[in-house]
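Chains as they are written, first to last, in numbering that gives the first Met the number 0: chain A, 0 to 261; chain B, 0 to 261; chain C, 0 to 261.
Some chain A residues judged to face chain C by a derived CB distance under 10 Å, without partners named:
1) Asp15
2) Pro71
3) Val73
4) Thr124
Just so you know, these hints were derived from the structure itself, not from any lab. For each residue, glycine too, the CB sits at the ideal point set by N, CA and C.
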Amino acid sequence: MGYDWVSFTTDYGLADGFPAVCEGVIARVAPHARVLHVSHEVARQDIRRGAALLAQAVTYLPRAVHLAVVDPGVGTARRPVAVVSPEGVFIGPDNGLLIPAAEVLGGVTAAYEITEFYLQPVSATFHGRDIFAPAAANLANGVSPADLGPSIDLSELIRLPAPVTTVEPGRITTEVLGADTYGNVQLAATELGADPGAVVHAQVGDRSLEAVVGRTFADASAGSAVVLVDSAGQVAIAVNGGSAAAILRAQPGDRVVLLLAG
Amino acid sequence: MGYDWVSFTTDYGLADGFPAVCEGVIARVAPHARVLHVSHEVARQDIRRGAALLAQAVTYLPRAVHLAVVDPGVGTARRPVAVVSPEGVFIGPDNGLLIPAAEVLGGVTAAYEITEFYLQPVSATFHGRDIFAPAAANLANGVSPADLGPSIDLSELIRLPAPVTTVEPGRITTEVLGADTYGNVQLAATELGADPGAVVHAQVGDRSLEAVVGRTFADASAGSAVVLVDSAGQVAIAVNGGSAAAILRAQPGDRVVLLLAG
Amino acid sequence: MGYDWVSFTTDYGLADGFPAVCEGVIARVAPHARVLHVSHEVARQDIRRGAALLAQAVTYLPRAVHLAVVDPGVGTARRPVAVVSPEGVFIGPDNGLLIPAAEVLGGVTAAYEITEFYLQPVSATFHGRDIFAPAAANLANGVSPADLGPSIDLSELIRLPAPVTTVEPGRITTEVLGADTYGNVQLAATELGADPGAVVHAQVGDRSLEAVVGRTFADASAGSAVVLVDSAGQVAIAVNGGSAAAILRAQPGDRVVLLLAG
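So here's chain A without its partners, still in its complex pose:
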């Protein structure tokens, strides 16, 4: 039956025309397909960040082939894969990038190594163009994922380590998932267990700040910090009119301790 939409997520940046070249490949193979560009500014080669971004976006996207490429191992032995979920198929490198989003859409039900439909000659450095985009376009045209190549045992798929969150009385230890354009720092924790107005001490390495528990950014006065559950359901630290990411110099994977005062 195919797909009307191909969603597209990379760390290619927008300056060099790499996403457009892939969109062109899709347009030549599957002219009916509409490409929905999720982001091409995932932090360079940051698989964790790309995985979190796609997982948080995917439920809001239309039924689609989800093409995602953050691929520091391009040209090495890492496999190109199609990961099937009940509500969409994911195309990209076998490095953990695709799994969290597939879990959001109901879990991984099958996976295939992509060995067919390559653009020839295949370059060693641009598999988005030569392997992944043609695979996505063929799925959009109604090709079955099983026709992309041999089945992969699901236990063999590379998975990112799950972020660890531990909750103790008055203390949450968790990890940074990422920071957005606004400088809001998103954490792996999903609950705060503190009332609005309470004060939280947030610590990342030797940096820290005090934040008030709130519901929206304006719950902190200008220049002050608020900690809230964000629109993706994650605990996040924000500075009203400023950047929590800059103050905390928070990177994906950094350990964060939240101490609840009182």
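Let chain A serve as the given structure and place chains B and C on it in line with the hints.
Below, chains B and C alone, put in the same frame as chain A:
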């Protein structure tokens, strides 16, 4: 009768997938609608800049629902609104962002508070996704603006203060509307009252430059400044191969004095 | 017969809505046309870089009108042109930008000065909106290039100087074409004449680095440099996890000497 197009303007940035999530919401509700991305790099939370950008673009856009979100007050009591003009409907926060573009399309003829079609649960921090995109998509499907929620008295709509320009002999006092990627500084004034080749002294705070009155950027020699009426009909200061915005450190709303020599 | 697609390449940046205004003009004239945004972040006014980017993308794009604007001479006597190739038409300024891509699609078979279909009034500073986008949209609608304006003798078209590459035993002298988002420096040379594992000394002005000859980025250890033939068929210098462009401070047109050790 609905709309074929949804134009979309925000300060979300392109890195985090926020515009794509909204586009996904629109695609799920109104698959026929085509999204025309105007800009997602409006200076962060700069309502004035967003309003000017949309007002200067809108006459060149196709007939559309115009979705715009620059929304420092998200999650507070500020209202989500639909603003109706003779040639298009605007969806966004009631903070002044939408009005200048609506004026360009013939003026505000009706306004409604958006209380229907929310995505549930509504987050406190991402109304673009949960309130504004669904409203825009429903309008694209042919829902009437009056079905989005209760009518608002037009006098109650929040409006930005109009920029002030005063013209005296040999002296124009005006305001910065914004600066573009090229470093060209756009002013609220629309006429210079000086002949090509005349010299203008432009002052912003304690910064200043001398510029020649011209028609296009190349009317100044490399590294020199030109003052011209730009493609939006506004007086603008440019440096050929350089950045007037960097030299003048000009911010939206800054007061500018232009002294005409002679 | 017209075109389904308009590809679009500029140095306008994405912040100010300039690409969207042009897309709006196209949508109003040719609602059926789909715009494929190649890049709007060509280095500002860098005609060489824009020309190389479009030439390397164009074979992967669908059959299209290719609209490209990197135009430091906007508003001067430089001509707006339509450049016809066997597989697509190019619209933009007569400054060399369009020719390399037209060569890739089979060579320039005709050229026309664009004198018709202008949006009135024509601004002196935004020909993308007022001259080029309307021309591209009319071609998409089936207007013949010959109806855009008078024919131009092909020998009169402005062409960029071809980059010079000389190959001597153990030594290649070539030029920088550009650097991408990853900091990979692309050269005009297309062959290395050295075996994988060989060491190359690359010199740009007074900067230099040692690179191993490889096939993909991971052929160098983290922080080390690799020299390879990239996905566009050009010799390129990359640093695994770093930026060769930053180390070499390489600009388009810079002369590069590659010395093959041994």
